[in-house]
Structures are given as structure tokens and as C-alpha cells.
Amino acid sequence: MNKKTRYIIISIIIVLILISSYLYGLISLQTGERDFALPKEAEVMAVDIIPPANEKIILEKDKSGQWWVNKNHPANEFAVLNLIHILRYSAVHQPVPVASQKKINENIEKNGILINVYIETYLLDFFNLFGLFKIQRPYNSFLVGENATETEGTYMRMAESKNPYIVYRPGFSGGIAEVFEPGKHKWFDPAIVDLEPEEIKQVKLITNENPGESFLLKVSKDFEFLFSDIDKEPFPGKLNVDTKKVVRFLSPFKHLYYETLLTNETLKESENFIFPEYAFRIVVDDRDNNRYDFKVYRRYREAGLLEPGELSPVYDPDRFYIELDDGQRAIAQYYVFGRVLRPLSFFVEDE
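Residues 0 to 350 in numbering that gives the first Met the number 0 are what the sequence shown lists, from first letter to last.
In case anyone wonders, no lab produced these hints; they're calculated from the structure. Hints are supplied without guarantee of correctness; some may be wrong.
[To be verified] Think about it this way: if two alpha-carbon atoms lie no more than 27 angstroms apart in a straight line, the pair counts; the simulated BS3-like pairs of lysine-lysine are:
#1 Lys200 with Lys220
#2 Lys55 with Lys200
#3 Lys109 with Lys185
#4 Lys109 with Lys203
#5 Lys109 with Lys161
#6 Lys267 with Lys244
#7 Lys39 with Lys267
#8 Lys102 with Lys161
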């Protein structure tokens with residue numbers, strides 16, 4: 000056998016190995032009509048949540064590991080991790096009885112939510128020994144119906160199948176349909192401001208209920224503090240500021256989260272509870288010139304109802320409404336925000 004022939008044979012062998020590894024990778028990803036759960040070792044890279052009528056939700060992980068909603072909004076990590084947990088550990092409880100399949104299929108096809116799951120794998124997979132060239136591939140597609148009333152599970156069906164199943168999470172009470180909620184408000188990161196004190200350049204707080212307590216606080220890189228009015232004019236006389244209180248004021252900006260982002264339905268309902276004028280407005284600028292701007296609206300304890308002996312409605316002492324800089328409205332807790340809703344007099348030491 001001459002040298003040229005050996006090269007040809009070796010080249011053919013290499014090509015066959017590469018083709019085999021590519022085909023093995025494809026075959027290893029094939030799923031059956033009961034394979035709703037992901038392999039435990041699978042790295043989920045993206046999930047499409049496609050309702051029959053509303054906007055499509057794309058959850059996608061970037062190279063740094065950060066999850067995003069529709070490529071432009073940070074995702075709620077807790078909600079995403081809970082979804083992935085269900086995707087890994089769900090199991091088939093039982094097939095839908097033949098007598099019920101037609102009705103369940105009609106409901107799933109009309110109202111079901113389509114889920115597409117994408118995982119990270121290799122373009123060339125050498126029989127699970129090692130791989131080359133990481134890529135993202137679709138793993139499975141299935142439809143999620145309503146929760147089954149007669150069992151602890153949810154009607155689900157592979158997109159290309161006609162055989163529905165009742166799927167459940169072992170050890171989990173109730174159905175799992177709500178995990179695949181298509182409303183994008185569920186998937187948004189609830190953080191309004193998430194800054195360390197040293198990242199903050201300035202904070203403007205406007206107290207609409209008492210304008211004289213409004214202020215602008217500038218924070219130098221050396222962590223020195225300068226107070227002025229909101230028009231950047233110095234206050235008359237020298238303020239005797241308690242710097243410890245300023246530090247305590249800046250610290251909570253690391254964890255300012257709303258509780259619930261309002262949907263179209265709850266937004267309309269909120270009009271019965273919200274005070275007409277905002278109580279506070281906070282504008283935070285960081286050292287990278289990003290701005291965080293939100294307004295705090297008091298919330299009536301009940302929809303305009305008076306308690307006996309009250310001259311005016313009393314606001315809810317636990318929760319209030321926040322209007323974000325993009326116009327969205329959320330419910331938040333005083334427990335979380337109370338330490339940043341401080342008037343100017345809070346920082347001034349007594350003479």
C-alpha cells in the first residue's frame with residue numbers, strides 16, 4: 000500500500016468518525032412522546048413560551064449566565080430556576096384515558112401553551128466520551144393544558160403527538176400549569192435598583208406631601224456627602240448631617256424589589272385604590288450614568304371606604320404602588336422601601 004492510498008483511507012476513516020459523531024449527537028437528542036423531563040445533566044439555554052393568543056415569551060441565557068426575557072429585559076432568576084427544576088423532574092403520572100382523549104386534545108390545541116426547550120450540546124459528540132464545538136439545539140416541544148381535576152397533575156402532550164398525558168412533579172402537591180405562565184410580568188426581574196452604596200453618584204428624593212423635606216444628595220468617590228435642594232441650590236446655613244444615617248440610607252438601594260408587577264387586569268383594579276398624587280419620587284444616578292426613576296403612590300386600605308370616625312381614607316400601612324420609569328405599575332412593601340423614603344430632617348442632627 001503506497002503513501003497516497005494510506006492518506007485516502009485515513010481521511011475516509013476520519014470523515015466516517017465525524018459523520019458518526021454528528022449523527023450520534025442527533026440521535027441522542029431524540030425524545031419519545033413521554034419524554035417531558037430533561038436529562039439531569041442537560042444545560043438549558045433557552046425556553047420559548049408561546050400562548051395561543053398573547054405575546055411570545057423567550058427566556059434565554061447569555062454567555063455570562065444571565066437570563067433575559069425577549070432579549071431586552073433581565074429575567075426573574077427565581078422563576079426561571081423553578082421552571083428548569085420542573086423541566087428536569089416532571090414525570091408522567093398516567094396516560095389520559097381513551098374516552099377523554101378527544102376532549103382533552105381539543106382543549107390543548109385551542110388553549111394550550113407551546114413550550115420549546117433548547118439545550119447546550121456538541122456539534123460533534125464522540126459517543127459521550129468527549130465533544131467538539133458547543134452549540135444550542137432544540138430538545139423537545141410540548142403543549143401544556145389545564146390542571147387535571149381528578150389527579151395531582153397537568154394535561155400535557157408532545158407537539159407532534161396526539162396522545163395526551165397527565166404530568167406531575169413527584170412530591171409536589173397540585174398541577175404544574177402555573178409554572179408555564181405566559182404573562183411576561185412573571186418573568187421580569189423585580190429589582191428596581193440594585194446598587195452598592197459606592198456605585199451611587201446621587202439620589203434625588205421629592206416628597207410631594209411635604210416639599211420642604213425634599214433633597215438632592217451627591218456622593219463623591221471618596222464617599223463624602225453633599226446635600227442641596229432638588230434644584231441643586233445649597234440649603235441656607237450649614238446642615239449638621241449625621242453621616243451614619245446617610246450610610247444607612249444608601250445601603251438598601253442594593254435590594255429594592257417590587258412584590259408584584261401589575262397585569263392589565265390588576266392595573267385597572269388598582270385605579271380604585273391608588274391615591275391621585277404621588278407621595279415620593281426617587282431618582283438615582285449611578286457612576287456609569289444609568290438612571291433609576293420611580294414614583295411612590297399611597298394605596299387606600301380599601302377602595303375609598305372610611306372607617307367609623309375617620310375624616311379621610313387611611314392608606315395601607317403595608318403596601319403601596321410604584322410607578323416605574325417605563326410607565327409600568329407594581330405593588331411594593333414599606334418593609335423593603337421604608338429606609339429610602341426618608342425626609343431631609345431624618346439626616347440632620349439636633350443642635
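Hints violated by the structure (numbers, ascending)
2, 4, 6, 7
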